[in-house]
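*Asks:* Starting from the structure of chain S, add chain V where the hints point.
Protein sequences appear in the order of chains S and V.
Those letters in the first sequence? Residues 1 to 349, per the working numbering, in order.
Those letters in the second sequence? Residues 1 to 180, per the working numbering, in order.
What the hints contain is simulated information worked out from the structure, not anything from laboratory work.
Have a look at the derived ranges for each label pair, beta carbon to beta carbon:
#1 V/Leu124 - S/Gly65: 43 to 51 Å
#2 S/Ala40 - V/Gln49: 19 to 27 Å
#3 V/Leu102 - S/Ser240: 56 to 64 Å
#4 V/Glu19 - S/Ala194: 35 to 43 Å
#5 V/Gln49 - S/Ser241: 32 to 40 Å
#6 V/Gly123 - S/Ser241: 45 to 53 Å
#7 V/Val10 - S/Pro203: 29 to 37 Å
Note that the structure is predicted; figures quoted are calculated from it, not measured.
Don't be surprised by glycine CBs; every beta carbon is placed ideally from N, CA and C.
Residues per chain, in single letters:
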Amino acid sequence: MYLLATDLWFILEKAILIACIIGLSFFIAMYTTYAERKVAGWLQDRHGPNRAGPFGIFQPLADGGKLFFKEEIIPLASNKILFLAGPGLAMITSLVTSTVIPWGAPVATAHGAIPLQVADVDMGILIVFSVVSVGVYGIMIGGWASNNKFSLIAAIRGASQMVSYELPMGLALIAVIFMTGSLKMSEIVASQAANGWHIIYQPLGFIIFFVCALAECNRTPFDLPEAENELNFGYHQEYSSMKLGFYLFAEYINMFVSSAVITTLYFGGYDIPFVNEAAWGLEPWLLSLISFAVLMTKIAFFLFLFIWIRWTIPRFRYDQLMNLGWKKLIPLALVNMIISAAVMLWLRK
Amino acid sequence: MQLTNRAKAVDRRPMTFLESIYLWNIAKGMGITISHLFKRKATIQYPEQKRSFSKVFRGLHVLNRDAEGRENCTACGLCAVACPAEAITMEAAERLPGEEHLYREEKYAARYEINMLRCIFCGLCEEACPKDAIYLSQTFAPANYGRKGFIYKKEELLIPHPVTDKEAYEKALGDRATKN
Chain S
1 MYLLATDLWF ILEKAILIAC IIGLSFFIAM YTTYAERKVA GWLQDRHGPN
51 RAGPFGIFQP LADGGKLFFK EEIIPLASNK ILFLAGPGLA MITSLVTSTV
101 IPWGAPVATA HGAIPLQVAD VDMGILIVFS VVSVGVYGIM IGGWASNNKF
151 SLIAAIRGAS QMVSYELPMG LALIAVIFMT GSLKMSEIVA SQAANGWHII
201 YQPLGFIIFF VCALAECNRT PFDLPEAENE LNFGYHQEYS SMKLGFYLFA
251 EYINMFVSSA VITTLYFGGY DIPFVNEAAW GLEPWLLSLI SFAVLMTKIA
301 FFLFLFIWIR WTIPRFRYDQ LMNLGWKKLI PLALVNMIIS AAVMLWLRK
Chain V
1 MQLTNRAKAV DRRPMTFLES IYLWNIAKGM GITISHLFKR KATIQYPEQK
51 RSFSKVFRGL HVLNRDAEGR ENCTACGLCA VACPAEAITM EAAERLPGEE
101 HLYREEKYAA RYEINMLRCI FCGLCEEACP KDAIYLSQTF APANYGRKGF
151 IYKKEELLIP HPVTDKEAYE KALGDRATKN
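So here's chain S without its partners, still in its complex pose (with noise of 0.2 Å):
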């Protein structure tokens, strides 16, 4: 009778919310796309597309479109089951991660605060780890499924990767709990806002968690598992319409989450920087649609970050980036772990 007794409103308030936040991934991951086109042409002297409606912003669109109207291939050796679950799969756990992410301040009203983030779980950047690293399967199962050597190499190539940054990043991430003293999100946010970001305190840890993004979200320098001159086109190479687009699509929404992560933990996430904005005495509603729109301000510098990054360096080797994981972040990420306990300890004495 558990399941009676739960306040509809509830359900009902969340359910909003969950339909809001996929949707707002879906828009920006599309307008990333976009966004990447232009930024890559603007930083090579071109112009980037410009022809789908005024300034091209309907090339999206004209994208998704066509990856709907292409023949949608499965080849005969492959594993129909498993072949068909590696984009959703991918797909779904891009998704999943941002149910945690506190997206503005909460909604203040007679009926009590209405939170803007889907669940507050007291271990909320833990889920947001754990998913991440199911997200590998979608690498793997797509890769292994197509029955094709270079999916598999592509999909052992960045199982290797992603299993491995999780671990500095994971170390990067202790120290700022450490700060915290919760894995709460909304308490990340709360003792960023009183005491400072984190950033200040944790520059080191901020670059190595940032460079364990890029590999978590395969971007370049980064990109192994679809390295298109040494294995094609990596694990989706025998992907066609619309499941090549959900693969393509899933690592868009993976880097709006990461930078949404990024922002959360170093940079103050829905924080508004150098103002008590509590001073202001505006309605709630309002205060928590800036906060809002400061969290996504931050998130899309992060975005610009990814694309930038992708269109100055090249593609690491993999001995580069194996040595870069296991001999420079891990070390760097445990001395930043110890120096920052030593350092709380001693304030705390």
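*Replies:* Relative to the frame of chain S, chain V by itself:
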């Protein structure tokens, strides 16, 4: 032994720790790319903007007319003989009384075809022509759905009338033709 004094010694020292985490060099690279964000774009927006051709550009052919709009061509066949790709075919006909305003001389080309798939745009037909009748213009990039469409007939080759359609005539003429 050194052949020139421009050789640069390659630094093969192992990377220092700072270099081996790549960050500084990546930051420098990002500085370079961001500076390109504000540079002038090299693109020419093709259908709207066109870049000007050299004076000697050899594009599609035109059959020229004289100042009164009469066809210059007398179907002598010298262009067809000169053509190394054998792209030109023609059939001559005699001018009838009352057609003086159409053809400049007593003989004219009733049929004149250039196969644009064979043509190599060398301009030898233009050099061979004693009547200033054929010129390579500055139109280019023909497109078609079938091979047949690339065999240009007289209707496609003939230049617009210089008296009734002056603007189109000037446009089609290009820089190579003798202006009359």
